[in-house]
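**Student:** Let chain A serve as the given structure and place chains B, C and D on it in line with the hints.
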Amino acid sequence: MTSSENTGRGPLFTDPDPDVARAFFREKKGALTDKLMSVSDAVARFVHDGDYVASGGFGGNRIATALLHEVVRQERTNLGFAGHTTTHDFQILAAGTRTGKQIFSRLDAAYILGLEARGLSAQARRLMESGEVEVCEWTNYALACRFRAAATGVPFVPVRSMLGTDTFRESAAKEIECPFTGKSLMAVPALYPDVALIHVHESDLFGNCRIRGITVADWDLSRASKHVIVSAERIVSTDEIRSDPNATAIPAFCVDAVCHVPYGSYPGNMAGEYFSDEVHLKAWLDAERDVEAYRAFLDKYLYGVDCFESYLEICGGEERLAELRRLENN
Amino acid sequence: MTSSENTGRGPLFTDPDPDVARAFFREKKGALTDKLMSVSDAVARFVHDGDYVASGGFGGNRIATALLHEVVRQERTNLGFAGHTTTHDFQILAAGTRTGKQIFSRLDAAYILGLEARGLSAQARRLMESGEVEVCEWTNYALACRFRAAATGVPFVPVRSMLGTDTFRESAAKEIECPFTGKSLMAVPALYPDVALIHVHESDLFGNCRIRGITVADWDLSRASKHVIVSAERIVSTDEIRSDPNATAIPAFCVDAVCHVPYGSYPGNMAGEYFSDEVHLKAWLDAERDVEAYRAFLDKYLYGVDCFESYLEICGGEERLAELRRLENN
Amino acid sequence: MYNAMELMICVASRLLEDGATVGVGTGAPCAAAMLAQKTHAPGLLVAFEAGGLAPMLPAMPISVGDSRTTYRALMATSMCDIMEACQRGMMDYAFLGGAQIDAYGNLNSTVIGDYKKPRVRFPGSGGANDFASFCWRTLIITQHDRRRFVEEVDFLTTPGFLTGPGAREAAGLPSGGGPYRVITDLAVMSFDEDTCRMQVESLHPGMTFEQVQENTGFELGQVADVKETVPPTEEELNILRDEVDPDGLIIGRS
Amino acid sequence: MYNAMELMICVASRLLEDGATVGVGTGAPCAAAMLAQKTHAPGLLVAFEAGGLAPMLPAMPISVGDSRTTYRALMATSMCDIMEACQRGMMDYAFLGGAQIDAYGNLNSTVIGDYKKPRVRFPGSGGANDFASFCWRTLIITQHDRRRFVEEVDFLTTPGFLTGPGAREAAGLPSGGGPYRVITDLAVMSFDEDTCRMQVESLHPGMTFEQVQENTGFELGQVADVKETVPPTEEELNILRDEVDPDGLIIGRS
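Chains as they are written, first to last, in my numbering: chain A, 289 to 618; chain B, 289 to 618; chain C, 2 to 255; chain D, 2 to 255.
Read the hints as simulated data drawn from the structure, not as lab findings.
No experiment lies behind these values; they were computed from the predicted model shown.
Ideal placement from N, C-alpha and C gives every residue a C-beta, glycine not left out.
Take these hints with a grain of salt, some might be off.
Unchecked claim - Which chain B residues face chain A? A few, computed with CB under 8 Å, are given here:
{"no.": "1", "residue": "Asp305"}
{"no.": "2", "residue": "Ile464"}
{"no.": "3", "residue": "Ala581"}
Chain A with its partners taken away, still in its complex shape:
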């Protein structure tokens, strides 16, 4: 039992100081400038070795697959990574670089390794059991609240979970006393990622984005992150964005790069667009069990692929994608 402790002993990977973040955000200008660029340019410009990266969507749903692949291909290393229900996105980064280097070395974990009903990732497990990744434990809600605190511009928010558990003990949260009720609360520190990778349904050139279906934590994540790379199923005009201001989920002043990537969440599920490719996801999980087979799989589907369009092609191309569209919209 840990209820007598008042500070988790897990590592705090990022600075929760809102004044440090404010100094950064102050210089972030140019809401209404053209940010359209290629996936490779966006990753080259805004994801650096050592950065703390967060992935939007929910593991295998509305994830920015194209951006994640590119991070691997550009061989970023020593990243920090935030995982609230990180599943296929985790699996992609867990692959490591073509030359065998680890992509991330620091991890805020709420749900990792698993692909929910699909089973556990053998590669993710190998990585996490290697001891090579420094881990801090959280819950899904606590991690979402860390983005919320950062988006809000305060150094922490209080929550009522994690209390009394080892999840708290291995976190970097702090138990505080409520000044009004005297009750114990869990203070979760603001998490300002260096860069967020978020896939959306529609964006204009400036980065005003629309999301359909659940927003998970992306409303807060897009606001909390120092840089935001958006990939979008469709690029729409700013006139179109202005025709329905209620539909905007992410305002342009949060966004640094906009990439046009149809099917950009494949093999994940994109609400209202296409269902997940369970065949491909199973193949990925299966391949991970055997190191040799896995290497061949990665060469074929990740390392040896020149761009995301080619990946879609070798995964079955238009025919398969049309099938996934039917599956989603039947």
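**Tutor:** For chains B, C and D alone, kept in the frame of chain A given last:
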């Protein structure tokens, strides 16, 4: 200067204890039951003398005018009231009952008395300068955050405004030290209103609601309040609600009563529906200057009116309303 | 005839009354909620932690965030919005899947072995700790064996009654919550009001208390009048097999 | 020719550079932002505290929450979303209207007289305290007289530099913010970097420092090279009168 104090000396009108609220919410059942009722029934059932009441929208925009009029006509007294930019809604309640009793006696104030660019309400000023209303000061954001804390189910949230000012001194906030950064923060206590009066664009019979335009603080307010009375421009089918789950702003399990009130925000502005009736609002402001004229005005437009439809009628009826629709949608 | 999973799902579904609210994960918990909706609890309101509220589930979701969780839903919202409905006390049940569990209903889904050098690493809390902290009653559905039912969990991921009476409140957790029922392939367990320890509430057909105790790594209690679990009805099984899980993803392929 | 309000709005608009973000209230601040957009700062991003973000304002809003503030806007959102963009440091300017003001730019919009028994009650903070706490630079536009420019405000509603250098940070306010310019019908004032006290930056055509001091209830400083305020240009006046405020709601009817 008050930066050395650490507790505002203003009164805390409501209990911020989330466990007390939880015990209430636990018994709030029946999300999917038919809640359609008349305005008079809804107010009779869910607004009681002594209750703490909050008004949705933004003073003169998307306010629940019909519900507010009914609170006055049913002569509720000794209410608490939350005012973040409360303008015409404030003016309605400030009128007092037909028999000269005050409607509210406790007020959390962020912006009161004024009608923004239209000027100050003489009646509201008389009331507030009478010393008969106990007041606690806040800012608009702080008050919104008090609803946010309650909606979140925690006893407070930290903000970085109010610090160092007399606004803090006359509030019920507490200065706390951030456990991560050591910085001073303002803890604003959760505000769980007994009842919220919220006007929306569309609701189904169960209270699943859609709002267009700005949501102000109503996302949080609807979740924070023990009871919620919704008035809606249109009643739609639950099938219609289910056809676009992204459009739902308030889920049925928060709502106790649904009233069908077309033009329910008149003379306020309803985004996408009708503009504010500046002529009527000016007449109201002007009438307040002279006590006799004001009494006649209230008899004609508020006390002597049997229902909201009659009010619309004497304010110009369909012709005037059509004009306001044109003004909004030109 | 029926298999153990079918029994578990049917028994679990009966615990969810009409008009209640429940947060579920994928798999058996979701199947139980769907079955309840199609039998005695059409007004059961199902919430998914990633943001789906009250969908008309066209098929079993693969993820608690996939688009099936918002198919003709009442609302597609955020993780915080769902979790905060739970935190402020509006969610009656949390329905969690299998894990290492102790006598107080504490759950481990993080590691086997020492945290710093785990023998096995599992996914971690996900939303389980949040759900079990916030919702009024936690339901747990899991296989019953001594590796899972242990004297002490290797890692306390998700709170049950912690160390016993009053411990949740002392830790700062919302008062009045905690585990409610544990449904396994052998029995249904509840928790003793005074000690907060697990006790057998009903034994599945053919099971004895001794058999259940034998498969449990801690001392089990039992209620005064242990009953036999009412087996699945024909109607329940038909709906479960034909409508809830026609592909046999959870109940197995026939 | 131009009147004082036209001058104030034109001078204010020039302070808002292209690409900046500004939170505005109704009236003169909003007019200044609109004028800036139509002249040198087409990319000025205007936010309204009630939730309107970057509208194509078809006319002067009457309320910071009316539907004009979301007319062809980039986003219609919530008060918290706007205020939190400010709180996390993404809003360059807050643009506030008239109030009682002291030498440190502290504002009173709550009461005249004692708080408990006020001679006059005003609206209170609204979003002013939040805006002035969070935004990097606060601009204030107000009439210039000794009733408004006072040695000590009756009630410190909204923070300027509080008691002087370092006081904002000591109180816990975000570091680096504070009042930037005060624009009146007599002059433009800035704040001395060392003392945080108000000083004349430029005098409106025909004004002397002495005249300004005479209308101020505290001792005013002045910068080394006080300039004459550049009067409104023909172009500014035309746009202001024809496009920004054609009904003369703020600049007066012609």
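**Student:** It remains to establish, for every hint, whether it holds in the given structure.
**Tutor:** Hint by hint, here is what the structure shows:
1. A hinted interface residue such as Asp305 of chain B counts as satisfied when its beta carbon comes closer than 8 Å to some beta carbon of chain A; here the least separation is about 5 Å, so the hint holds.
2. Checking Ile464 of chain B against chain A by beta carbon gives a least distance of about 6 Å; that is within 8 Å, so the hint holds.
3. This hint is violated: Ala581 of chain B has a C-beta 41 Å from the nearest C-beta of chain A, more than the 8 Å allowed.
The structure is inconsistent with hint 3 alone, although it conforms to all the rest.
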